[in-house]
Amino acid sequence: MAYQLYRNTTLGNTLQETLDELIQFGQITPQLALKVLVHFDRTMNNSLAQKVKNRLTFKAGKLNTYRFCDNVWTFLLSDVEFRDVSELCKGETVKIVACDGKAVPPTKDD
Amino acid sequence: MAANQALVSKLYRGVIEDVINGVREAFLDEGIDEAVLLELKQNWENKLQSSKAIDPVTDPAETSLQSKLQQSQQASSTAPANNSTPQQAATTAKQPEAAAAAQTPVTTPNAATGAATTAAAAAPATTTVRTVPVQITVPPQAGVAGHTAAKSITVHVPAHALQGGAAGAQLQTILSSPAVTAALSLPVEMATTVLQQHINNALQSTAARSQSRTDNGGVTQLDGPGDSSDDDDDVEDDDDDDVEEEDDHDDEEIDADNEENADEEPLNSEDDVTDDDPSVLFETDNVVVCQYDKITRSRNRWKFHLKDGIMNINGRDYVFQKANGDAEW
Numbered sequence: 001m002a003y004q005l006y007r008n009t010t011l012g013n014t015l016q017e018t019l020d021e022l023i024q025f026g027q028i029t030p031q032l033a034l035k036v037l038v039h040f041d042r043t044m045n046n047s048l049a050q051k052v053k054n055r056l057t058f059k060a061g062k063l064n065t066y067r068f069c070d071n072v073w074t075f076l077l078s079d080v081e082f083r084d085v086s087e088l089c090k091g092e093t094v095k096i097v098a099c100d101g102k103a104v105p106p107t108k109d110d
Numbered sequence: 001m002a003a004n005q006a007l008v009s010k011l012y013r014g015v016i017e018d019v020i021n022g023v024r025e026a027f028l029d030e031g032i033d034e035a036v037l038l039e040l041k042q043n044w045e046n047k048l049q050s051s052k053a054i055d056p057v058t059d060p061a062e063t064s065l066q067s068k069l070q071q072s073q074q075a076s077s078t079a080p081a082n083n084s085t086p087q088q089a090a091t092t093a094k095q096p097e098a099a100a101a102a103q104t105p106v107t108t109p110n111a112a113t114g115a116a117t118t119a120a121a122a123a124p125a126t127t128t129v130r131t132v133p134v135q136i137t138v139p140p141q142a143g144v145a146g147h148t149a150a151k152s153i154t155v156h157v158p159a160h161a162l163q164g165g166a167a168g169a170q171l172q173t174i175l176s177s178p179a180v181t182a183a184l185s186l187p188v189e190m191a192t193t194v195l196q197q198h199i200n201n202a203l204q205s206t207a208a209r210s211q212s213r214t215d216n217g218g219v220t221q222l223d224g225p226g227d228s229s230d231d232d233d234d235v236e237d238d239d240d241d242d243v244e245e246e247d248d249h250d251d252e253e254i255d256a257d258n259e260e261n262a263d264e265e266p267l268n269s270e271d272d273v274t275d276d277d278p279s280v281l282f283e284t285d286n287v288v289v290c291q292y293d294k295i296t297r298s299r300n301r302w303k304f305h306l307k308d309g310i311m312n313i314n315g316r317d318y319v320f321q322k323a324n325g326d327a328e329w
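First to last, the protein sequences are chains V and U. Counted from 1, the first sequence has number 60 at position 60 by the numbering used here; the numbering is strictly sequential. Counted from 1, the second sequence has number 121 at position 121 by the numbering used here; the numbering is strictly sequential.
Derived by calculation from the structure, the hints in this document are not laboratory data. Just so you know, not all the hints are guaranteed correct.
[As the list claims (entries may be wrong)] The calculated lysine-lysine pairs, modelled on DSSO-like cross-linking and capped at a C-alpha distance of 27 Å, are:
#, chain 1, residue 1, chain 2, residue 2
1, V, LYS62, V, LYS35
2, V, LYS95, U, LYS47
3, U, LYS52, V, LYS51
4, V, LYS35, U, LYS10
5, U, LYS294, V, LYS102
6, V, LYS102, V, LYS53
7, U, LYS294, V, LYS90
8, U, LYS307, U, LYS10
No experiment lies behind these values; they were computed from the predicted model shown.
Just chain U, with the same shape it has in the complex (with noise of 0.2 Å):
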């Protein structure tokens, strides 16, 4: 397409040139500068420079225009760049400092099944979304397999659910559920990531229960964003298991289906193929404009008849009188 390059090249400075020639008349007619025209032309041409979509012009005094241009533009790139490092230095040496900082215990209750003290650590100020590292530290347990050291879990908690009574009170709820006390048994990264999932699970459902109840003024919604039937199952399960067996495999199923459901809404999900092109140079969307003479279809195959189209693929620019095309739908 190199020859049709310079096609476009010619073409678009023919187009200027019209434009501005015809144009000359409306802006005089308005009582307009001509430098506001040639300012315009100027503008217009830089621009397509810049877009890349076809060749710079050879004119020495535009050449050295469009240098200058590039100088600027890569100055004001660094520029930036520089700005957002040292920012970034800041907030990575702030969290450390509040890892190490003054802690403040919180009991848990529940001596029978063993689970272990938190220590919380303070807040950092910078980041947005506010997650506390909270180390859960396990003590040995007799009779559990392969669990003779204690062994320290560390968790992401957000930093709402530590202060507070009632948010602080939640989160030892949460902690002291026999699912997390099974997972605790676990090996340390496995442990880590079940009691993490299971954390930011319950307690988006909490803050969303939360959120929905102020909604109503004062009528509780439990459905909706406020439903907890996915992943809290599983508590819920156990405590059924001792209370009604016969409900156990309704719930298994109701369950299962649930499970499925979130599994296959993912699954679903999948089957759109949508092609992201990480490149930067093709981040334009490939569109050709164009007139058609006559578009036929046979079946499932389609047949095009073009005339008289720009296009634009990959970021560069082509034209043509008559394009023929064949696709099948």
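Excised from the complex, chain V in its bound form (with noise of 0.2 Å):
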């Protein structure tokens, strides 16, 4: 299994979004709803690792707050600057949470 890190994206939201409305119309059961995210969390994992090649650097103002909890790293980070080579984003306040790389992940009984 994989972590579930990801179904707090705009794509990860609207699956879930999308699937309780289904299950709210009676559509499907919750435990379907369950098995797709899972599904959601292994494909979304692979992707990343397999499909996305680009790297970019950032540079933050400050660092407001850092929170290690769980092997889970949350970073409140203020007046960050994000680079992809040429190309430049910046955020006022942007929150990092980050699950260990290098962990295996833990198994869910469904």
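From the two separate chains plus the hints, produce the assembled complex.
This is the structure we're talking about:
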């Protein structure tokens, strides 16, 4: 199984919303929705590992808070600049949630 | 990041396809129709496009669907706007009518201090806060500089203060206190603001006091919400001056502390720099979801080595294979 980390992304949230709507209308069961999400986790992790090739750097004005709990780092930075080769984008406050890249994610019993 | 955007779109399409194909079997196992699966895919893609995090799809069927969605969204957004404006016009029309309506004169007892008659207006029915504009007419006072003509000050008083015997008497006591009469001699605008504040504070503290009284089963609580130390001290000080002069210094020091604390609370709370981005586009929490290779720190300099991440910055989505960063704590 893979990290459920990517469920809180645009893609993940839209999927969860859609699944919730279908459950509300009674068109699918919650168990099926869970299976879809698990499949999504796996696909997401694989795609990011294999299909994405770009690197970027970032520089933050300030690190406001840092937290390391259950092997998950959460950072709050302010005044951040992201640079992708020639392109730049800026954010006033950015939250970074990072799971361990080297660990084996916990297995889930469905 | 434009090139990145195309990459993101492609990646998302790929993920959607993979997921849909992967769960098709699960759907069939549960005996659920393929149509539901297609609906899932459609809704998922529609939400993605309406979130504006990535570029829209160029598929002609989907663009026609998209334009229909936009038209229906615009139609529905104008409808609530039309509903709210007539309501607002109605409430503003009612208030001037209420002000011009019948008045209940309230007599004030103290001719010595020169306080005036108050004219109350009927309360408007629509507002929930129910403040009533009260006009205080101050007759000309001999011996007060710059005060040759009668002037009227309008303050807003909660409606409940004007109704009922106890509340009405309370209002009169507030209005007849020495601080208020001192304020009446100020120019009109200053007098209005001072009086308004005084009334608000006094009414709030008494309201809190009466509330806390009923909650305690008969035992009166004078501290906490019922504490009237801060602003009413101005009034009490005047009384204390007459009685004991020694205590004045102590009281003034305590008052100074209280006032400083009251000022410091708002001052200190201004130390918190919270960024409020008013622009609607920036409503999003800029989030990066990723995995970390290495996080290091040297004194207060942090270095981040991240990988496999998805970012949502200023409403737009980006992805990266690796990201390196620096920050100072």
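*Against the earlier hints, flag every one the structure doesn't satisfy and list their numbers going up.*
As far as the earlier hints go, only 1 is violated by this structure.
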